[in-house]
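Visitor: Working from the sequences, and respecting the hints, build out all of it.
Residue numbers (my numbering), protein chains in the order written: chain C, 17 to 465; chain A, 162 to 609.
There could be a bad hint or two in this list.
Covered stretches of chain C (in silico footprint by chain A; criterion: 3 or more residues with CB under 8 Å from a CB of chain A, positions within the stretch not fixed) [what the hints assert, rightly or not]: (1) 162-172; (2) 279-287; (3) 329-338; (4) 367-381; (5) 443-454.
Calculated lysine-lysine pairs in the DSS-like style (CA-CA distance at most 27 Å, straight line) [said to hold, decoys possible]: (6) A/Lys291 x A/Lys415; (7) C/Lys100 x A/Lys474; (8) C/Lys223 x C/Lys103; (9) C/Lys462 x A/Lys415; (10) C/Lys54 x C/Lys138; (11) A/Lys342 x A/Lys413; (12) A/Lys342 x C/Lys223; (13) C/Lys138 x A/Lys569.
Rather than coming from a laboratory, the hints here were simulated on the basis of the structure. Note that CB positions come from ideal geometry on N, CA and C, so glycine has one too.
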Amino acid sequence: MNIFAPKRFVWLAVLALFVLSSAPAAAQIFNPETFTLKNGMQVVVISNHRAPVVQHMVWYKVGSADEAPGESGIAHLLEHLMFKGTKNFGPGEFSGAVARNGGRENAFTSFDYTAYFQTIAKDRLEMVMRMEADRMTNLLINADQVAPERDVVLEERRSRVDNEPGAQLSEQVGAAMYLNYPYRRPIIGWEHEIRALDVDRILAFYKKYYAPNNAILVVEGDVTVDELRPLAEKYYGAIPRGPDIERARTTEPPARADRRVVLAHERVTQSSWSRRYLAPSDHYGKSEITPALQVLAEILGGGPSSRLHTKLVLEDKIALAAGAFYGPDDLGPSVFGFYVSPKPGVDMTSIEAAAMNEVTRVLNDGVTDAEVAQAIERMRDTAVFARDNFGTASRVFGSALTSGSTVEFVEGWLDRIGAVDAAAVKAAGEYVLKGTHHVTAELLNKPQS
Amino acid sequence: MISTQRFTLRLTTFVIGAMCAFILIATTPAFAVQVERVVSKGGIEAWLIRDHSNPITTMKFTFRGGAALDPVGKEGLADLAASTIDEGAGDMDSNTFQQTLDARSISISFDAGLDTFQGTLRTLNKNRDKAFDMLRLALTEPRFDADPVARIRAQILSKIEQDQEDPGYQARRKAMETAFKGHPYARSSSGTLESVAQITRDDLKGFVARRFARDNLLIGVVGDIQADELKGLLDAAFSGLPAKAAPWEVAKIKPDLSAGVDITPMKVGQSAIQFAQPGISRDDPDFYTAYVLNYIVGGGTFVSRLYDEVREKRGLAYSIYSYLMPMDAGAAIMGGSGTANARAGETVATIRDVWAKFAAKGPTVSELTDAKTYLTGAFPLRFTSSSSIAATLVAMQEDGLGIDYIDKRNAFIEAVTFEDAKRVAKSLYQPDKLRFFIAGEPEGLPTE
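Guide: Here it is in structure tokens:
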């Protein structure tokens with residue numbers, strides 16, 4: 017997000033971040049129903065009868081931050097290999113069945129979760145439930161399948177990271193930001209460790225983490241809880257409970273120094289500056305201030321009326337884009353940050369000074385009641401729009417519940433945001449931004465020699 | 162936070178495919194959608210699907226005539242206009258205008274394609290009157306003040322510079338430049354560093370005066386709104402536009418492509434590969450057959466011949482796809498992939514082989530059956546969010562498909578026979594016209 021994009025894309029990026037991470041855009045809006053199977057698998061149903069379609073998702077409470085040292089990338093490579101067939105269905109059979117039935121499917125891996133989903137006509141729901149439940153415990157893979165898929169992942173890494181200077185910098189920033197917490201490793205993994213992953217290690221990881229008591233079923237769309245319950249019991253309820261899994265995560269020591277990570281690259285044409293502070297999340301550290309931090313991020317950098325945009329882009333005219341970012345969803349420590357895309361010819365020193373001047377202003381003078389009221393109003397509105405976008409609710413609940421939240425907590429988001437006042441915003445800003453050691457990132461052009 | 166998605170690129174492709182190609186709508190017996198034709202007092206027509214799920218109104222609209230009409234030397238005009246008409250209008254300067262929208266969570270945005278200039282409005286119903294009035298101002302009284310135009314221009318120039326270092330962009334650009342050589346379609350709709358710098362305030366004003374009119378306007382609306390309410394809003398937003406747009410014409414072109422590989426050297430570890438051959442126009446009687454064939458070759462997410470051969474069997478790439486690109490004045494079949502430099506030769510050879518076999522023998526019966534059940538069965542997925550429904554309504558009008566198209570569409574897919582499929586595979590897929598455009602340091606390619 018520190019990579020410059022034209023203005024509308026900047027807003028989109030900010031919005032996307034917001035929807036994915038800070039807007040469990042919900043309070044009494046999604047109105048989900050939830051129950052738990054006897055084997056410990058939680059089920060969440062969000063009924064939406066707009067079209068005869070359902071989105072069926074299984075979320076596992078395991079992500080890249082649960083990997084053992086030396087195994088970075090294993091959660092993500094396993095996600096790829098989950099499409100290679102089981103004892104009951106041959107390679108490609110599941111995908112073939114989804115496609116023949118007019119469905120779309122996908123999967124994704126993050127720090128704290130791995131998820132699989134199909135979007136399909138409601139009368140095909142039972143079919144995908146049967147096959148998704150099957151691959152929870154019956155995956156069958158061999159070394160001949162792992163080798164080409166590892167190559168696919170290495171190509172994915174080349175296209176996402178190696179070909180993108182901004183993404184290379186982001187990896188280095190992550191490693192500098194977290195001194196001890198596993199978020200310091202990239203989700204996709206380090207290349208040398210991806211190359212070393214083999215079928216035995218992958219299957220051991222699968223057997224350890226893929227079990228009903230470590231998974232959540234989320235179904236959104238044209239289905240009721242009464243329709244879903246018997247199907248969930250039949251397919252997922254039949255799977256034996258696995259051993260209890262404790263997510264033993266390390267914690268961060270206090271940072272003792274500021275860090276500056278600089279990448280000068282020949283293919284960078286637009287430089288960028290960003291600064292990040294370690295911050296609490298809803299599940300790590302001083303959680304009670306996360307609503308105020310979300311409001312602060314909105315005031316400082318959440319859109320065309322935000323302080324950073326107004327000052328750096330519109331008034332001083334030294335930047336093409338500027339904003340702030342923060343999301344409270346992670347199981348581990350979060351990050352509060354600022355980014356600026358300088359105008360050509362403006363040096364990084366003045367950019368940094370101008371951005372930090374806005375931060376200092378908040379720390380010294382706080383924010384106004386009107387700013388807080390407007391920010392809350394806009395955040396309320398995003399909740400309405402989120403409901404209009406099919407699939408958002410399942411993402412919100414899946415990511416929140418795999419990171420330690422409850423349905424009630426997610427639904428209480430607007431109440432928590434609505435209770436924030438100017439004093440709370442100032443106090444939260446002071447807690448995170450005052451006297452804390454930060455990481456500054458600079459992406460620069462290296463003139464071709 | 163960051164999610165690593167296996168198929169983000171494919172999803173992107175799908176979006177591109179849907180924009181460039183045509184709109185994927187169909188019908189199943191279980192699903193009926195009521196499209197209303199709404200005509201305002203002032204004669205503005207919109208197609209409406211009422212949906213009371215949320216207190217929101219979403220409108221998409223298109224003015225026919227897009228970036229292909231940018232004057233020579235002023236490439237990027239439509240794109241700059243799209244990014245600046247909402248930067249101040251009437252008596253509101255840029256900041257006032259943007260903050261008025263922001264405070265009410267009204268979203269108004271514009272986008273310039275080669276054939277059309279598109280707009281989107283999304284608002285909560287409580288702010289709907291204001292939203293349509295702001296749209297009226299943007300369309301009829303944009304200010305183009307020096308400050309915001311300079312700011313947006315700088316952003317666009319920065320993006321153009323970044324694109325020059327983006328291997329995927331470079332490969333796609335070369336494909337367009339070669340396929341449509343000498344034609345407006347060969348030009349980038351964002352323009353060049355030189356051309357964007359040349360665009361003046363008068364150019365922008367002229368663009369608005371010439372291109373925004375009632376006779377080239379198509380509108381789709383979705384939301385919690387009654388036809389009568391919509392009529393008033395349509396007049397409020399659009400009745401101030403001139404009756405007719407300036408006349409325009411884009412010459413027809415058939416892509417001139419031959420087998421071969423064009424390389425754009427770039428210092429990257431992964432070569433970006435784009436491939437192209439002549440395509441098929443949207444109004445061709447064989448269009449639906451071609452659409453089904455493309456799904457089989459490279460349109461499916463996990464299931465296609467290209468996916469199987471390039472990714473699944475050989476692990477050559479993360480991303481591999483093809484799509485139809487039927488534009489108003491010319492058509493192509495396009496595709497893309499990305500592979501380590503050392504494996505570029507093998508990847509190209511594999512794609513060529515898929516192409517040649519498909520042209521020679523066409524699909525199997527079961528491939529055809531599966532493609533048809535996918536394409537017809539995936540129909541309701543288009544109707545899950547307001548913006549995709551509104552986009553569908555506009556695309557139906559762009560392509561002249563008729564207001565009952567949603568009920569008919571699946572029958573068009575069903576009607577594709579195995580004989581059609583074999584015949585069109587043979588005539589449409591042309592290995593001797595399949596050209597590759599590679600940005601990177603590819604190895605293993607025959608020297609030509």
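Visitor: Is the straight-line distance between the alpha-carbon of C/Lys462 and that of A/Lys415 27 Å or less?
Guide: violated (42 Å)
Visitor: Quick check: the stretch 162-172 of chain C, covered by chain A? Criterion 3+ residues, Cβ under 8 Å.
Guide: The restraint on the stretch 162-172 of chain C holds, since 10 of its residues have a Cβ under 8 Å from chain A and three suffice.
Visitor: Straight-line Cα separation of A/Lys291 and A/Lys415 no greater than 27 Å?
Guide: violated (46 Å)
Visitor: Count the residues of the stretch 329-338 of chain C whose Cβ falls closer than 8 Å to any Cβ of chain A, and tell me whether that reaches three.
Guide: holds (count 5)
Visitor: Hinted pair, alpha-carbon criterion (27 Å max): C/Lys223, C/Lys103. Please report holds or violated.
Guide: holds (15 Å)
Visitor: Tell me if the straight-line CA distance from A/Lys342 to C/Lys223 falls inside 27 Å.
Guide: With Cα atoms ~56 Å apart, A/Lys342 and C/Lys223 exceed 27 Å; violated.
Visitor: Quick one, are C/Lys138 and A/Lys569 close enough, alpha carbons at most 27 Å?
Guide: Distance of about 21 Å is within 27 Å: holds.
Visitor: Between the stretch 443-454 of chain C and chain A, see if three or more residues pass the 8 Å beta-carbon test, and mark the coverage as holds or violated.
Guide: This one is violated; 0 residues, fewer than the three required, reach chain A with a Cβ under 8 Å.
Visitor: With the threshold set at 27 Å, check whether the alpha-carbon distance from A/Lys342 to A/Lys413 stays at or below it.
Guide: holds (12 Å)
Visitor: Has the stretch 367-381 of chain C got at least three residues whose CB is nearer than 8 Å to a CB belonging to chain A?
Guide: With 0 residues in contact (Cβ-Cβ under 8 Å with chain A), the coverage given for the stretch 367-381 of chain C is violated.
Visitor: Assess, step by step, whether the Cα of C/Lys100 is no farther than 27 Å from the Cα of A/Lys474, and give holds or violated.
Guide: holds (12 Å)
Visitor: Please verify whether C/Lys54 and C/Lys138 have alpha carbons no more than 27 Å apart.
Guide: holds (25 Å)
Violated hints for the displayed structure, listed by number in ascending order: 4, 5, 6, 9 and 12.
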